[in-house]
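Listed in order, the protein sequences are those of chains A and B. Going by my numbering, the first sequence opens with residue 5, and the numbers climb by one from there. Going by my numbering, the second sequence opens with residue 5, and the numbers climb by one from there.
These are calculated hints, taken from the structure and not from any lab test. Any given hint might turn out to be false.
[Said to hold, decoys possible] So the derived list for chain B, only partly shown, Cβ under 8 angstroms to chain A, looks like this:
| # | residue |
| --- | --- |
| 1 | 17 |
| 2 | 21 |
| 3 | 24 |
| 4 | 89 |
| 5 | 92 |
Ideal placement from N, C-alpha and C gives every residue a C-beta, glycine not left out.
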Amino acid sequence: MIRARGLSRRFGDKRVLEKLDLDLQDGGFLVVTGANGSGKTTLLRLCAGLLAPTAGELRVETDRAGIGFLAHEPLVYRELSALENLDLYGRLYRVPERRERIGMLLERFGLWSVRNERAGSFSRGMLQRLALCRTLLHEPELLLMDEPFNALDAEGIELLGQQLEELRGGRTFLVATHDPDRLAPLASGSLALA
Amino acid sequence: MTYFHDVATLTRKDLLLELRARDTVPAMLLFVVSALVVFHFALPSESSRLAAYGLLWVALVFTALLGLVRAFSAERDQGLLDGLVLAPCDRSAIWLAKALSMLGFLVLAEIVALPAFAIFFHGIGWTTVAGVALANVGICTVGTLLAAMAAASRARELLLPLLFLPLAIPIVVGGVGAGVVENGGRYLGLLAVYDAIFAIICWASFEYVVTE
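For reference, chain A alone in the conformation it holds in the complex (with noise of 0.2 angstroms):
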């Protein structure tokens, strides 16, 4: 699904990746760790086709239509509502069935009772589920997640990792973490990146 070789990116003078070598196989689980500046969101942003590398090669083998990006920032707009959120990614990637898909991820996530509610009135946690839902809204074969964990309270951290659990093995995964123990079972491989 994702093969890199010799991938570097630097940002004026400051080189985040090195020469870096990576293979991803369909249905492969890679976490990657490393500390803060290791490049872990530019390596999830070059394969999102957000950023371009500096040098070396980056093959991914989808389409925009079959990334689902789980970035820092939720990527919804604060003055619509969850609902409205959720509708407008869904017509631009033409969703089939697209309302009732929209339901099920919200009532999964526990915002239905909130979905006409502006983003801009949720909490970060809150927020962070509507980014899943967006996520997972297409259904994409490959899912870029940068910190999926983050600001999810107990429960969020459940479903989650229920909803991980599913999709695993018919998806490929690249998940940027801190915390890799919490994706030690789900994981077919791991990234440290200096």
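Since the structure of chain A is already known, use the hints to place chain B on it.
Quick look at chain B alone, frame taken from chain A:
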């Protein structure tokens, strides 16, 4: 058809955001009326109508600029452009939707501005109205592309006017010309050609503006 479906979805989102936040149109309305009031008192009573037309266009261009500065504010402040860029739609749909919503905001401002101009200065002819309509297309297409470029910069409030105002000169020339000369058709033609050329350039280049 899916392209226009995406444009409609994104335009609806932009209009809904403005309806909820109300931070662009009220500012544009207030600015254009205030500017015309100031010009009314600043311009000596014996001044020609040509000077008044010039000031109308100054007010319209700067009102548009005020809206354009805020065009990508939601996306910029919340990092949302990544979400839109990742969606599997043609990226030019983001530009077209933004330009259409900006066009809507500008038309709203002009619905107030043109009658206010008629009250403070003198009546306007159909060529002026046609000039404004054609100029709107150019302002919104070029302005939206430049607003997206400026949004990535820290000095965006400074950068956008620096990029936009030189490119708006043909619009002002065409708009003023259409209003003041006897037969303004030539100037309307200039505006139409400007619109067509720049709409194509902006449509084709937006993808490179929002991606590396």
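Results of checking the hints against the structure:
no., hint, verdict
1, 17, "5 angstroms, holds"
2, 21, "5 angstroms, holds"
3, 24, "4 angstroms, holds"
4, 89, "7 angstroms, holds"
5, 92, "4 angstroms, holds"
Violated hints for the displayed structure: none, as all numbered hints are satisfied.
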